[in-house]
Structures are given as structure tokens and as C-alpha cells.
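Novice: Here the protein sequences come in this chain order: A, B, C, D, E, F, G, H, I and J.
Under full-length UniProt numbering, the first sequence is numbered contiguously, ending at residue 154.
Under full-length UniProt numbering, the second sequence is numbered contiguously, ending at residue 154.
Under full-length UniProt numbering, the third sequence is numbered contiguously, ending at residue 154.
Under full-length UniProt numbering, the fourth sequence is numbered contiguously, ending at residue 154.
Under full-length UniProt numbering, the fifth sequence is numbered contiguously, ending at residue 154.
Under full-length UniProt numbering, the sixth sequence is numbered contiguously, ending at residue 154.
Under full-length UniProt numbering, the seventh sequence is numbered contiguously, ending at residue 154.
Under full-length UniProt numbering, the eighth sequence is numbered contiguously, ending at residue 154.
Under full-length UniProt numbering, the ninth sequence is numbered contiguously, ending at residue 154.
Under full-length UniProt numbering, the tenth sequence is numbered contiguously, ending at residue 154.
Hints are computed from structural coordinates only; laboratory data are not their basis.
Mixed in with the good hints there might be a few duds.
Once the Cα atoms are required to be at most 25 angstroms apart in a straight line, the calculated SDA-like pairs of lysine to any residue come out as [to be verified]:
| hint | chain 1 | residue 1 | chain 2 | residue 2 |
| --- | --- | --- | --- | --- |
| 1 | D | K29 | F | I51 |
| 2 | B | K102 | E | T37 |
| 3 | F | K77 | J | G134 |
| 4 | B | K70 | C | W112 |
| 5 | A | K77 | E | T37 |
10 protein chains.
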Amino acid sequence: MTATDVSGLTQLGAATGLPDSPETALLEKVPAGHAGTLYVVRFTAPEFTSICPMTGQPDFAHIVIDYVPKDWLVESKSLKLYLHSFRNHGAFHEDCTLDIAKRLVGLLDPVWLRIGAYWYPRGGIPIDVFWQTGAAPGGVWIPDQGVAPYRGRG
Amino acid sequence: MTATDVSGLTQLGAATGLPDSPETALLEKVPAGHAGTLYVVRFTAPEFTSICPMTGQPDFAHIVIDYVPKDWLVESKSLKLYLHSFRNHGAFHEDCTLDIAKRLVGLLDPVWLRIGAYWYPRGGIPIDVFWQTGAAPGGVWIPDQGVAPYRGRG
Amino acid sequence: MTATDVSGLTQLGAATGLPDSPETALLEKVPAGHAGTLYVVRFTAPEFTSICPMTGQPDFAHIVIDYVPKDWLVESKSLKLYLHSFRNHGAFHEDCTLDIAKRLVGLLDPVWLRIGAYWYPRGGIPIDVFWQTGAAPGGVWIPDQGVAPYRGRG
Amino acid sequence: MTATDVSGLTQLGAATGLPDSPETALLEKVPAGHAGTLYVVRFTAPEFTSICPMTGQPDFAHIVIDYVPKDWLVESKSLKLYLHSFRNHGAFHEDCTLDIAKRLVGLLDPVWLRIGAYWYPRGGIPIDVFWQTGAAPGGVWIPDQGVAPYRGRG
Amino acid sequence: MTATDVSGLTQLGAATGLPDSPETALLEKVPAGHAGTLYVVRFTAPEFTSICPMTGQPDFAHIVIDYVPKDWLVESKSLKLYLHSFRNHGAFHEDCTLDIAKRLVGLLDPVWLRIGAYWYPRGGIPIDVFWQTGAAPGGVWIPDQGVAPYRGRG
Amino acid sequence: MTATDVSGLTQLGAATGLPDSPETALLEKVPAGHAGTLYVVRFTAPEFTSICPMTGQPDFAHIVIDYVPKDWLVESKSLKLYLHSFRNHGAFHEDCTLDIAKRLVGLLDPVWLRIGAYWYPRGGIPIDVFWQTGAAPGGVWIPDQGVAPYRGRG
Amino acid sequence: MTATDVSGLTQLGAATGLPDSPETALLEKVPAGHAGTLYVVRFTAPEFTSICPMTGQPDFAHIVIDYVPKDWLVESKSLKLYLHSFRNHGAFHEDCTLDIAKRLVGLLDPVWLRIGAYWYPRGGIPIDVFWQTGAAPGGVWIPDQGVAPYRGRG
Amino acid sequence: MTATDVSGLTQLGAATGLPDSPETALLEKVPAGHAGTLYVVRFTAPEFTSICPMTGQPDFAHIVIDYVPKDWLVESKSLKLYLHSFRNHGAFHEDCTLDIAKRLVGLLDPVWLRIGAYWYPRGGIPIDVFWQTGAAPGGVWIPDQGVAPYRGRG
Amino acid sequence: MTATDVSGLTQLGAATGLPDSPETALLEKVPAGHAGTLYVVRFTAPEFTSICPMTGQPDFAHIVIDYVPKDWLVESKSLKLYLHSFRNHGAFHEDCTLDIAKRLVGLLDPVWLRIGAYWYPRGGIPIDVFWQTGAAPGGVWIPDQGVAPYRGRG
Amino acid sequence: MTATDVSGLTQLGAATGLPDSPETALLEKVPAGHAGTLYVVRFTAPEFTSICPMTGQPDFAHIVIDYVPKDWLVESKSLKLYLHSFRNHGAFHEDCTLDIAKRLVGLLDPVWLRIGAYWYPRGGIPIDVFWQTGAAPGGVWIPDQGVAPYRGRG
Ligand SMILES: [Ca+2]
Ligand SMILES: [Ca+2]
Ligand SMILES: [Ca+2]
Ligand SMILES: [Ca+2]
Ligand SMILES: [Ca+2]
Ligand SMILES: [Ca+2]
Ligand SMILES: [Ca+2]
Ligand SMILES: [Ca+2]
Ligand SMILES: [Ca+2]
Ligand SMILES: [Ca+2]
Ligand SMILES: [Ca+2]
Ligand SMILES: [Ca+2]
Ligand SMILES: [Ca+2]
Ligand SMILES: [Ca+2]
Ligand SMILES: [Ca+2]
Ligand SMILES: [Ca+2]
């Protein structure tokens, strides 16, 4: 049976506060236990919030991240803290979504990664943002994210 | 078999424009065919729109009306035209909902009437307004309106 | 074990055409096998169609009938044929719904009966009609009909 | 902690064939472990089938049984075998449903029992049958069965 | 037609920042336009977030508020700002929910009010909190909130 | 603003192992912050598992608990650990469900409590168990649990 | 972190009325913050309404727009105002849908764009219109729009 | 803005009866306003009914038609009348479905067309029929029809 | 208009008993009315039951069959009788599913055929079996079967 | 008709305890009855639980396995026991998922296999893991797993 090596981590199992900003949040990684095997890891984060840079009011999003690891896995507690670090960060929906994805790409150098960000409506019209690093690698199974479309009322 | 008397109507079967305002819209009625029988008629109007009196921007609502007729039924084409007459009318959600209901009560003098207005979100928080003329009459079957609650995203 | 007496039926198991009208349709009954027991029988008829008396165009409805038998059950094949007999019959939604219910009440003299008729939209606004013979008898279990509300699009 | 007494059972843990008929099926009971406490036990049996007495063709139903035990619980494996014993039994929907419920009432002498039988459509119109032994006892929580209504297609 | 009096408001139509805390948030009211009529106003706020007082980590909730106005309506923009003011406030789920409801009761002195708070899971088990000021007033129609139960996965 | 007193707790914020059995699990309580206010707290635990006492195989359930506190709230981390302590405990569905509820009643002496346990199917037929301490107290709002009924396949 | 340049905008943050027509509505753009990155932006607009050119009656639609930016993003407030400008504009469903899409293509010169317009039924039969500028660019992730099909009643 | 030319139509805006048969129904077309643009038009017709040629009993279907126009659009009122003309027409499900599609192909000479016919069950087993004129043209967006599969009961 | 030739059938319109076994069931075919046209016919059979060869207990499945006819259509009444003939037949899920499909392939020699069998759970884990005769023919539209995955409870 | 050879099995039909660990669990196979036919077998296991190696607390998952057999089928009772053997096994989500899949690959040497593991949330963010042995073989029908995405609340 496989046992992931967590010896390099600093936050897991320790008391941790809320990071002040995405820049100062510590995003950690562990060696992928099945190196050479191409599989998908999906994180679903329905608790994302940031600040609108134009109005100073809170924004909310449901975010789903899929990636195919190469040598590293993102450690999930540090990912949670990183996402929470946007709580007082001002950014447009498109910028915020791509910044998260590119930070993960920089950390993990994955075979492939994509992000879907499903933002709560403002002015009656929600915005979704979808990005991937490129065409998905052949022979890897990547299910649809299947998030329900926005329907207003009725 | 019962045949509703439509001889007093002026708009049904005729070419009709869009009324300018709720005040000028002609809401018509026909004699109820089963006088003395207590039953419920439900109209579901997912196409309602009016104007926000503070911002001048359009508002939208999904509206459901239930009533128990006494002597009169509302004619459905005139109801459609009446609802469409709010298209350029400015009113708050609470006022608009109750004004519709009370206009129908004035026209029909029904045994009982209720309205549920499910407004599209503004600022992230939708408002619903629910009113009925009083406790429902005994022995009448009035199913739940069953409109899905607002859920944001995810 | 109980065996319903079907000896008085004329249509069950025989070749039967489509009745010309509700007036000429033969609605049959069989003795209720559990006389003295108060239970509910529900028929769900999603295939109802009649003719609009104003325009001559077809109308459609999803109809649900609940009743508590006294001495008689309606025979289900004859009920199907009776409902199909409205195919070329012109009537308003309210009239049509109550006529069906009252025909059944006249045939069966049930302890209690109700009908829910969920009509397809015309002009964007569907009409539902709900009627029951009176307050439901005490101690009888009558589940909600649970038909989904009309939602337009989205 | 409570331990139900299963010492009187004959079928549980033994190899058992399919009973030939409802009459010969052995329906067993165990003493209720919380005597004096009024609670509800719900069985959901989506795998019920019997034979139509008019045509010899199979009928199918989704059946839900709720009861409030007095001194006895029905043993669930024997209930499964009892329900499967209708496989070659011919009966009308109404008769079949009430026969099942009354057999359980005779075995268990419960405080209260109800049955909901949701039959698959024949001729386009499904029949549901609902029965309970009487008004539910006060102070007992009995949730709605919540089975989705039949919707045809679309 | 009814026109709500908004002359006393200070935040509506003005640029407004995010309040620092619930204590400093300005919750405003307007005179109810249909005084003497008993109706329900429902707000659905799927974008609520506060801080866990034990761990300092963010908490999230979907909140629904129903009330029957007496003389006052809560102004919806100020309600939005008030709810957002919990963003950096630490409180347990039960406390937070009741504090919101009681602040509204103090402001509006409504005929009746209830709150349902549907918190996102921590440790696998979400908490919901439900409170109302007392039995609902007779003859007022108050639909179920109908928020879907938590289902984990699958 | 209200602040719950957690000073008497021993497990919250500390490293805690999995209790060996329900008997040895430490279920803790905190003083209710809004004493005298009648409200409902709902826990949804979709991760419950125990052992079948007849076969030694695992059983699974989705469990929902509603209660109206008097002087005490159950501490949610200790509740999680208590529920997980059934992992190696053998009990019938009915016994297991009522034992959980009565342990909570003994700990909290609540105004009212109910439990709904939705067990995964065995032999094709799932069992649900519903219990409450008695009729719900007047004037308290207790929403339906709304758990979807079992549907088999299709 | 990325910060979108909004210095060229004229409507964002300013008081804006409802444009008189699509021709006079001001649709604005901002430079895309992640130039060279191929991603999808989705707008969901469930509040669209225009006028039927044959009858003068209102039409309604749920509209979803997906695009892959090249150098420009559409500014979302101006998009909202542009869509609302069809409120008094008469056009057939097919024309209206394609006019919106082509206006955006002219403004943004995107890598790729598609529109799905889900119109509310008229005469019982809703019309949907689907268009894209051509085959989607390779390596870009474009989720299904997933809008539920129209189902009538039942 | 585009304006479809309707000058050649004979039924739109005029009083029209129900055609006697598919052969005599007048199916009309208008010039496509965006000639040279490849887009999809979808009609959803949940109100289709014909006659079973073996038994003379009514059949029902939910029908969805997708097509890519070349030079012509089908006029929607005439399509509705054409579909209603099957009301007294006897045909098997497979024949009826393909006849409708081929009539449209003959009228419009479209770039591409497909039909999905979802028939209501007979004998417990519904039949669906799916046909298209050939492989869909490259670069055209054709969403799934997404009609829910038949599920019987439960 | 097309009229299928049914002159060779022996069971349609005649009284028919339940076949004793799949081997003795008479599966009939009729000439395909649109020879040369590649379309899909889908049968949905939610009422399938057979016997477990290890335990003698009933098994249940929801079965969906898609095929592209060459020269023959299967007659639907004979298909119903054939499926019902498995009622007393013992077979593993995988064998039973493929035997049905291969019997149809032998009868019809279709261009292409697939079967999806969604078996009810045994021991908590349902089995689904999916087979097709080979890659689907080019240019034919074959929608997803869309059967909901098994979800256990909650 | 096909009859699978079960003569080599040791656990089926015998009393079996819960295996102590994945290593000691006996996973058995039977010869595939339709050798040379490429079809898919899907197992859905909503009752999976293991132990978090960092905290010692239980983890839960909904697991779906699809495979195309070559010469062997996995025997379903032994698969159930194997999955239950993880009950006291500590492993990370990614490791656990791939270990299950690779054990099956080692046992069966299938043409192709994939696994989807949908883990219950920890810290608000569920992890899903998706793996397949490589690109699916051509001409085999492999439906989407269709498991609903995690949605949090509301
Ligand atoms: Ca909004
Ligand atoms: Ca909003
Ligand atoms: Ca949400
Ligand atoms: Ca309409
Ligand atoms: Ca809508
Ligand atoms: Ca049928
Ligand atoms: Ca329908
Ligand atoms: Ca959790
Ligand atoms: Ca689950
Ligand atoms: Ca089972
Ligand atoms: Ca089913
Ligand atoms: Ca319509
Ligand atoms: Ca049928
Ligand atoms: Ca079912
Ligand atoms: Ca099971
Ligand atoms: Ca969590």
C-alpha cells in the first residue's frame, strides 16, 4: 500500500491563522505517491470569497480545480488556507480565477490543470470563468465538472 | 357539460396592444361556471417585469396567484395584458406584489386569494413576497406553490 | 386474499374504439373489494387533451385524481377511454376539470374526491385547477400530489 | 445499549428459498427493543412485482410501509421474502396493496400502520393506493413519503 | 398604486463601504406601504460568512429570513451591508443566527419573524439553526423555506 | 453579541483519537447562549457506520438530529466523535437509532428532540427510523428534514 | 496579482439610465488582463425581454454567452445595460439572438464566441437558438451550458 | 438590426382552424435573416399526439427538432398547426417521427436537421426515436437535447 | 406517409400468455419502414426481473436498448413478452444482459445495437453492464442514455 | 443462455467475516462468460470508509469502478469484502483510490479499468480522484459516471 510522504510540511497538524493575503499565504506540496501514473485530482471549494475592486463589496464563488500531478500534490490544508487568503483581496472575477490557477501551476508544475469559477450574480448576471493549461493529455479520464447553470428564479 | 359565458368580453379574440400602465390596463372577468363550488384557480406567470423606482433599471419576478372564485373568473388574456402593463411601471417589490393582488380582489371579490412573488436577486439577495386575503376557507384544497428556493451558485 | 368482482364490466378485455364525446363515453365501476376501509386511490393521467372553445386549437393537461371509495371503484380502462373522449371536446380549463370530477362523483358516490389539473401554458401563463368534494375525511392518509410547478425556461 | 432478541427466528441466517405464494410465506416478528417508545419504522421496497389477474402479465410497484410498533417488529428478511412471494400471485392493485398492509397488521398488532403503493403505468395511467389504519397517534413524527409523482415524458 | 416612502434613508443610492462589525453596521427601515395588511417578506442570503471563534477560520452559511411587517420594512441594501459586516466577526453558529434575528426584531418590531441558517459542514456534519419569534399569526401564508438538505457525496 | 462559554470542554482544540465504543465516548455539552429562547438545532451526519450484529458486516446510515435546547447545547466535535464510536459497534437499525437519541436526551435534557435515520439498503429494502420525544413544543419552527426517498435504479 | 485596467470606462460607478434601444446602448470594453491566455468567460442572463414584431407583446428569454477573449473583455455593467435596451425593441427570436452575438463580436474581436438563447414558449412550443463563430479553438475548455430542456407540465 | 421578411405568409396573424391531416396542413417558410451564418434553431413540442394504427387509441410524444437553416426558416405558427394535424392520424412511432422530419427537410432544404421523439409508454416500455440527416456540419454548436430518461416509478 | 407492414405478426392484437423462458419466447420482427435511413430506436424497460442463480432470489434491473435498424424492427409487444420471460430464469447480471442483446442482434441483424442494464443493488453495491456491437456508425445521432447513477441514501 | 462458472470460489455462499486489512482480504475472480466480447462492468460502492493517516479520524467516499474484462470477472461478494477491509486502514485519498484500482488490475488483467472516488469533504473542500489504465479501447461504450458535484449548502 502507498504512503504519501508528508515530512516536509509545516502547517498540517499545527495551529494556523488566516493568511493576510494571497501573496503571503504559504501553499505547500508533497511528493506524488504514484509518480508516473496519470490521474486527476479534483478540489471543490464552494466557500470562496474576495472583494470587488470597484465597490469594496464582497464577491462569492464556487470554484472547482482539476489537475494531473507530475511530481507533486498540493497539500489540501494549505490549499484551503490559500483560498481563504482572498477574503480581503480585491480583484476582478477573471483576474482572480486565473491568478489562483497560475499560482498552482507555478507550485506544482503539473502535467495539466484547469479551473472553473462559478461566481454569484451581480446585477442579475453571473460570470463563470473557465481555463486550462492546454489540451488535456491523451488517455487521462477527466469527468465533466457538472456544476448546475444559474437559473434565476422559478 | 359546462360552457363559460364569454359574451361580455372585449379583448379575447381581438387584436390588442400592450397597455401603457397598470392603471389603464383593462382587466376583465367572466361569470364562474360552477357557482357555489369552492375550487382553486392557479396562474403561474414567470414573465413578469417592472421598473425599480430608485434606479430605473428593470426588475423581474416569477409570480404565482391562487384564488377561490365566488361569482367571477378573471379572463386569462386580460390578466396577461394586465401583468405586462407593469413593464414601464416603477414600484418596490412589496408594493408591486400587493397592488396586483388587491386589484384582482377588487375585480373579482373572490372567496379567497393569495399571491407569491419570487423576485430575481439584486445585490445578491432575492426578495419573496407572500400575501393572502386571510385564512383559507375550510374544505378547499390549496396545494403548496412549490417554487424552488433561490440557491445562488454551486 | 381479496379478488375484485369484474363480472359486470363490458369493456375490459374487449376491443374498444375511442368514444366520440364525454357524453357518450361509458364510464364503468366495480364493487370495492375492501368495503368499510377508507383508503385513497390516485390516478395520474399525463396524456389529457381537449379543444379550446375560443380558438379551436388543442389544449393539454396533466391530471391527477384522488378519491376515497365508498362502495365502488372506477374501472381503470373505462376511465382511460373517458378521458380520451375529451379529444374533440371544446371546454374552458375550469369547466373541463370540474366536469370530469363531477362525472366521477356521480358515478361512484365516493366518500371523498379531488382533482388537480395542471394545464400546459397558453400565452406564457399556465392555469392549474384544484377541487375537492369537501374537507378530507378524518384519519385518511392523502399525500400531496407533488406535481412540479411550471418554471418557464432557465 | 439495546440488543433485539432474535432467538425465535427461523429464517434469518439460514438458506431460504422463494415462497410459493403470499399464503405460504412465513412472516416473522421479533420483540420490539424499545417497548413503550412510539417511533416509526419505514420500509421502502422498490422491487415489488405481482401478476395482473385479467391479463396474466406482470405488474410492478414501488411500495413504502410505515408503522409504529407496539410489542413487535417485523423481521426484515422475512418481509423481503413475503413481498417476493407475490411474484406469481394475481391481484388488482387496490386488493394487493391492502392485503399486504392487513397481513402486517394481523401479525404485529401495531399502534399504527400505513402503506403507499406506487404502481407502474398500464395504459398510460399509473394507479397509487394509500391506506393507514386510522389517524396517526399524537406526538409521533411521521415524515412524508416523498415519492416523486409520475410524469410521463419530457 | 402604492409608493414606499424612502425619504429617511441615508445609504440607498450613496456610495457605501463595508461596515467594520455588526455593532457598527447601520440597519435602516422604511415605513411599510400596506400597513394593516399581514404579508410575508422573505430574504434569501446565500453569501453569508463569519469567523469561527475557536479556530479563526471562515465559516459560511446560506440564510433565509421571513417576517411579517407591522409598521416598518427593513431596507434591503442596509440589510445586505449588515450581513456582510459579520465577515470579520467571530461567533458560534447558534449565537450568530439568533443575534441576526434579534437585531431585526429590535429594529422592526415585526408582527412575526423567523430565521433559518444553513451552515456549511465542519468535520463532516453541517449545523442548521431555526428560530421564530413565536407561533405564526393566524391567516398569514408562510411557505416552507424548502432549502435542500445536506447530502454529502454520491 | 452572544459568546458561548466553552470553558468546560476537554476535547475541543485538542488532539483526540477515535473512541472505542459508544459507551466510552465522551459526549460534551456547553451552556446554551440564548437560554429561554426556543429554537431548533439540526445536525446532519451523512457519515454514520456501525456493524450488523447478525452478519458482522458494516451498516451505513444518513442521520439527521433536530433538537430544541433547554439549558445545554451538545458540543459538535464531541458529537462527531460519539457518532464515529459506533464504527465497531453491533446493533440493529432500530436499536442503534433510538440509543443515539436517548443518549442525547440524557445528556442535554432538551425541550424536545427527534432523530431520523436513513439506512442504506440491505436485501434491496432500506429501513428508515423516525423518533421524537413527544409532540413538538408549540410556537417553535421545525422544518421538514426533506431527505430524498430511496428510489432503487432508473 | 493581476489588476484589470478600467480607466477607459464611462458608465461603471456612475448613475446610468436605461438605454432607449440596442442601437443607442453603449457597450464598453476593457483590456484583457491575461493577454495570450485562452480562457472562457460565460455570462448568464436570465432576465432578457424584447417585443414580438408581429403582435407587439413581450417576449422573454434566458440567454447564455460564452467567449474566449483576444485583447478585450466586455465590461459587465455595460453588457447588462445593452441587454436591457432590447426591452422596447421588436425582433424575431432568431434575429434578436444573432444580432446580440454579432454586436459582441464586432466590439471584442474575440478568439471565439457562442450564444445560446432559450426563449419562453409561445403557442406551446419554445424556440432555442444556438450560434458560435466557428469551431472552438483547440485546447480550450468550454463546458456545456447545461440549461434544462423545456418540459411543459407534469 | 435584422428584420425577417414575413410578407409571403398566409396564416400568421390570421384566424386558422385545425388542419384535417398532415397531408393537408400548410407548412410555411420565411427567408432566413442571417443567410450564410450556420446556427441551430431548436423547437420543443411537448404537446404531440397521434393515433395508434393497431388499436385506434391516442399516442403521445414529447418532440424536439434541431436544424441548421440554409435559405429558409420554418414559420413557427404553421409548424404548430402541422404538428397538431397528426391528432387524428394513425402511424407507428418510428414512421410518424421520420415522416415529420422528412417533411421539414423537403420544405426547408436545411444544411442539417435532426429529430428526437420521446414517446409516452405503452405496455410499460416507452420508445424513443432519433434521426438526423447525416453528420452535423463542422464548426456548428449543437447542444444535447437533454430530455430526462423514462424512470417508471419510485 | 409511411405505414409499417405488420402482416407477418402472430402475437399483436391476440391474447398472449407469459412465455415460460427466454428460449421459448417468440421474438418477432417487422420490415423497417424507412429502409436505407440510419436512425436510432430506444426501448426503456424499467420492469425487468430475473432470478439469481446462486440464491434463487429475484433480481431487478432497469434496461435501456438502443439500435440502428437495417431491414427489420423488433415488434414491441413481443419484446415486452420476451423480457418478461426472464421472470423465472436464473442468470448472472453480466450473462443476462449480454444474452438479451445477442438475441436481438441475431433476430434483427441491425446496423448497430447497444444495451445498458442498471441492476438494483445487492450487498450495497449495484452492478451496471454496458455493451455495444462495436463503434457507432458515423453520422448517426445516439443520445446519452442519461440514467441517474446509484446514490445510496441522503 | 450463458452460465458463469463459479466452481473456483471460496467465499460465495459461505459465512464470511470482515477482513482485517486490504492486504489480507481475499479478492476472487471467475472466468468471464462472454470472452472475446468487449463490454463494461460498473460497480457503484457508496459505502466506502477508511482512516485518515494524519488524524486517525474516519474518511468516507462514494466509489465507482468501470472495467472491460479480458478473461476474468471480479466476484462481487469478494469485492464488497475487499472494500470493507479498508475500514481500519489509514491512507490518503489519492493513495487509497489508486491502490484499489491497481489491486483490481493485478487480479483481473482487464482490457481497461477506471476508478472515480468522490470523497466526503474535510475542511469544507472535498477531493475527487479519477484514474484509468489508459485511453479507453475503441468501439466500447463507456457512459459517464454522472455523480453529482459537491454543492455545499443552499
Ligand atoms: Ca444580481
Ligand atoms: Ca444579485
Ligand atoms: Ca451554494
Ligand atoms: Ca405560452
Ligand atoms: Ca426562469
Ligand atoms: Ca402506460
Ligand atoms: Ca410532460
Ligand atoms: Ca466537513
Ligand atoms: Ca451519499
Ligand atoms: Ca441490497
Ligand atoms: Ca426504477
Ligand atoms: Ca405557449
Ligand atoms: Ca405502459
Ligand atoms: Ca423504481
Ligand atoms: Ca444495498
Ligand atoms: Ca468540511
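Novice: Which of the numbered hints are not met once you compare them with the structure shown?
Specialist: 3 and 5
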